[in-house]
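S.K.: This is what each chain is made of:
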Amino acid sequence: MAYTSQEILEGLAEIVAEETGLPTDAVVSEKSFTDDLDIDSLSMMTIVTHAEDKFGVRIPDDEVKNLTTVGDAVSYIEGAQAA
Amino acid sequence: MTDGSSGARRALRQAEPVRFSRILAVAGERGERVVTNDDVAGPIDSSDEWIRQRTGIVTRRYAAADVDVLDLAEAAARKALDAAGITGADVDVVILSTVTYFHQTPAGAAVLAERLGATPAAAYDVSAACAGYAYGIGQADALVRSGAARHVLVIGAEKMSDFVDPTDRSISFLLGDGAGAAVVGPSDTPGIGPTVWGSDGAKSQAISQTRGWADLRAEPTAGWPTLRQDGPTVFKWASFQMAPIAAKAMAEAGVEPEDVQVFVPHQANMRIIDQLVKQLRLPDSVVVARDIADTGNTSAASIPLATERLLAEGQARSGDLALQIGFGAGLVYAAQVVVLP
Chain A
1336 MAYTSQEILE GLAEIVAEET GLPTDAVVSE KSFTDDLDID SLSMMTIVTH AEDKFGVRIP
1396 DDEVKNLTTV GDAVSYIEGA QAA
Chain B
1056 MTDGSSGARR ALRQAEPVRF SRILAVAGER GERVVTNDDV AGPIDSSDEW IRQRTGIVTR
1116 RYAAADVDVL DLAEAAARKA LDAAGITGAD VDVVILSTVT YFHQTPAGAA VLAERLGATP
1176 AAAYDVSAAC AGYAYGIGQA DALVRSGAAR HVLVIGAEKM SDFVDPTDRS ISFLLGDGAG
1236 AAVVGPSDTP GIGPTVWGSD GAKSQAISQT RGWADLRAEP TAGWPTLRQD GPTVFKWASF
1296 QMAPIAAKAM AEAGVEPEDV QVFVPHQANM RIIDQLVKQL RLPDSVVVAR DIADTGNTSA
1356 ASIPLATERL LAEGQARSGD LALQIGFGAG LVYAAQVVVL P
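Heads up: the sequence lines are chains A and B, in that order. Letter by letter, the first sequence follows residues 1336 to 1418 in my numbering. Letter by letter, the second sequence follows residues 1056 to 1396 in my numbering.
What the hints contain is simulated information worked out from the structure, not anything from laboratory work. Using N, Cα and C, we set each Cβ at its ideal position, and we do this for glycine too. Treat the hints with caution; some may be incorrect.
[Unchecked claim] Covered stretches of chain A (chain B as the covering partner; in silico rule of three or more C-beta atoms under 8 Å from a C-beta of chain B):
| hint | stretch |
| --- | --- |
| 1 | 1373-1380 |
| 2 | 1383-1397 |
[As the list claims (entries may be wrong)] Facing chain A, from chain B, some residues (calculated, C-beta under 10 Å):
| hint | residue |
| --- | --- |
| 3 | 1102 |
| 4 | 1104 |
| 5 | 1108 |
| 6 | 1109 |
| 7 | 1259 |
| 8 | 1261 |
| 9 | 1272 |
| 10 | 1287 |
| 11 | 1290 |
| 12 | 1292 |
| 13 | 1295 |
| 14 | 1324 |
| 15 | 1326 |
| 16 | 1330 |
| 17 | 1332 |
Model the full structure from these sequences, guided by the hints.
M.R.: Shown next, in the form of structure tokens:
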């Protein structure tokens, strides 16, 4: 029942859109959360929390700073659900 | 169960419980000096806009240099006693919640009780940071209903500016000085719902002082301890783990969100307040305390200060049901539904 990376990207895009008001198609793998999408650390925590709930994974607070791009987050979630 | 040799032992008597308790009065005292974002932005290479966007704070209040945390506490307490129509002599217990009193011994509460003419009231300090007031209300409720005390004075008082590092970007720019006080006493009707409280010491480093006294003893030049926090971690915990605690406080009090007129969360950050409102699905009709905008984060004082303000400005009325939740360094938290005085 694991989500594919494409499903994770789509789900994450919805979460980011909900938090920021950005269109979902702006949320693509190579975009940086801070530099491209202008998401600050508090909004990032909100996104992470909703992603944890949606994908049933745990993303430790210390790990969040390593999630620079949308693709980083997709990879982390994909790996975490396998764990 | 007698000892046989000296006749029947007299039956032990325990204090007679009282059925209900309530908050009889709430009052506050803010630091006198208005400190703008521009005043604090320089040393952290920030701006008014950045601070507003991240925290919702426009100004905070600092007490004068010659005003200490007990002065703030005393001013708030006197107003609360007056509003409750009692004097210090009527107070049985003084609970002072603070993390910014300079003495570990003796407790500030005993000094404060003496100043208020409350001697020989029982007096002790509570160290529960931003949850300190809600911890105090929980204890006062239990003391009054158990019959251990008739009137309990609960004060949350902080001179946070004494523990500020102007170059710290994590928490210092949020902080303000103030005190809030409540008088809790017996009631004919339910006035304080069950307190839902707890702690999570695994996150003790999420908000803490930069060094302990032992470190300062070992290295006297290390500098005065100030406060630090891991902002994103605290934000996530406060926004998403405290909402279920507040919801549980409503459930244990037997009320639904639509029964509550007022929501008074600890004034930590406007974005935490907004997220809590969202997570709790509070109806638009609920008045939400947003005193942080011009008072800053005053730790244990924030809930009574915000409550006092809502009442003074007519946004909340006596008899309204208010959901209040404090959360902070420990980590610790406490929530309860109360009837406003």
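S.K.: Are the hints correct? Go through all of them and say.
M.R.: Cross-check of the supplied hints:
Counting residues of the stretch 1373-1380 of chain A whose CB lies closer than 8 Å to any CB of chain B gives 5, so the stated coverage by that chain holds, three being the minimum. Taking a C-beta to C-beta cut-off of 8 Å, the stretch 1383-1397 of chain A contributes 3 residues in contact with chain B, enough for the three needed, and the coverage statement holds. The beta carbon of residue 1102 of chain B comes no nearer than 14 Å to any beta carbon in chain A, farther than 10 Å, and the hint placing it at the interface is violated. Of the supplied interface hints, the one on residue 1104 of chain B is violated, with its beta-carbon coming no nearer than about 13 Å to a beta-carbon of chain A, more than 10 Å.
Below 10 Å, beta-carbon pairs count as interface contacts, and residue 1108 of chain B has one with chain A at about 8 Å; its hint therefore holds. Against a cut-off of 10 Å between C-beta atoms, the interface hint on residue 1109 of chain B holds, since the closest Cβ of chain A lies about 7 Å away. Because the closest C-beta pair between residue 1259 of chain B and chain A is about 14 Å apart, greater than 10 Å, the hint is violated. Annotation: interface hint on residue 1261 of chain B holds; nearest CB of chain A at approximately 9 Å, less than 10 Å.
Here the hint on residue 1272 of chain B is broken, as its CB sits about 31 Å from the closest CB of chain A, past 10 Å. A least Cβ separation of about 5 Å between residue 1287 of chain B and chain A falls short of the 10 Å threshold, and the interface hint therefore holds. The criterion of a C-beta within 10 Å of any C-beta in chain A is met by residue 1290 of chain B, whose closest approach is roughly 5 Å, and the hint holds. Of the supplied interface hints, the one on residue 1292 of chain B holds, with its beta-carbon coming within about 9 Å of a beta-carbon of chain A, less than 10 Å.
Residue-level restraint check for residue 1295 of chain B holds (minimum Cβ-Cβ distance to chain A is 5 Å; threshold 10 Å). With a cut of 10 Å, the hint placing residue 1324 of chain B at the interface with chain A holds, because the nearest CB-to-CB distance is about 8 Å. For the restraint placing residue 1326 of chain B at the interface with chain A, the shortest Cβ-Cβ distance is roughly 6 Å, inside the 10 Å limit, so the hint holds. Hint status for residue 1330 of chain B: holds, given a least beta-carbon distance of 7 Å to chain A, under 10 Å.
Violation of the interface hint for residue 1332 of chain B is found here, the shortest Cβ-Cβ separation to chain A being roughly 13 Å, above the 10 Å cut-off.
Hints 3, 4, 7, 9 and 17 from the earlier list are contradicted by this structure; the remaining hints agree with it.
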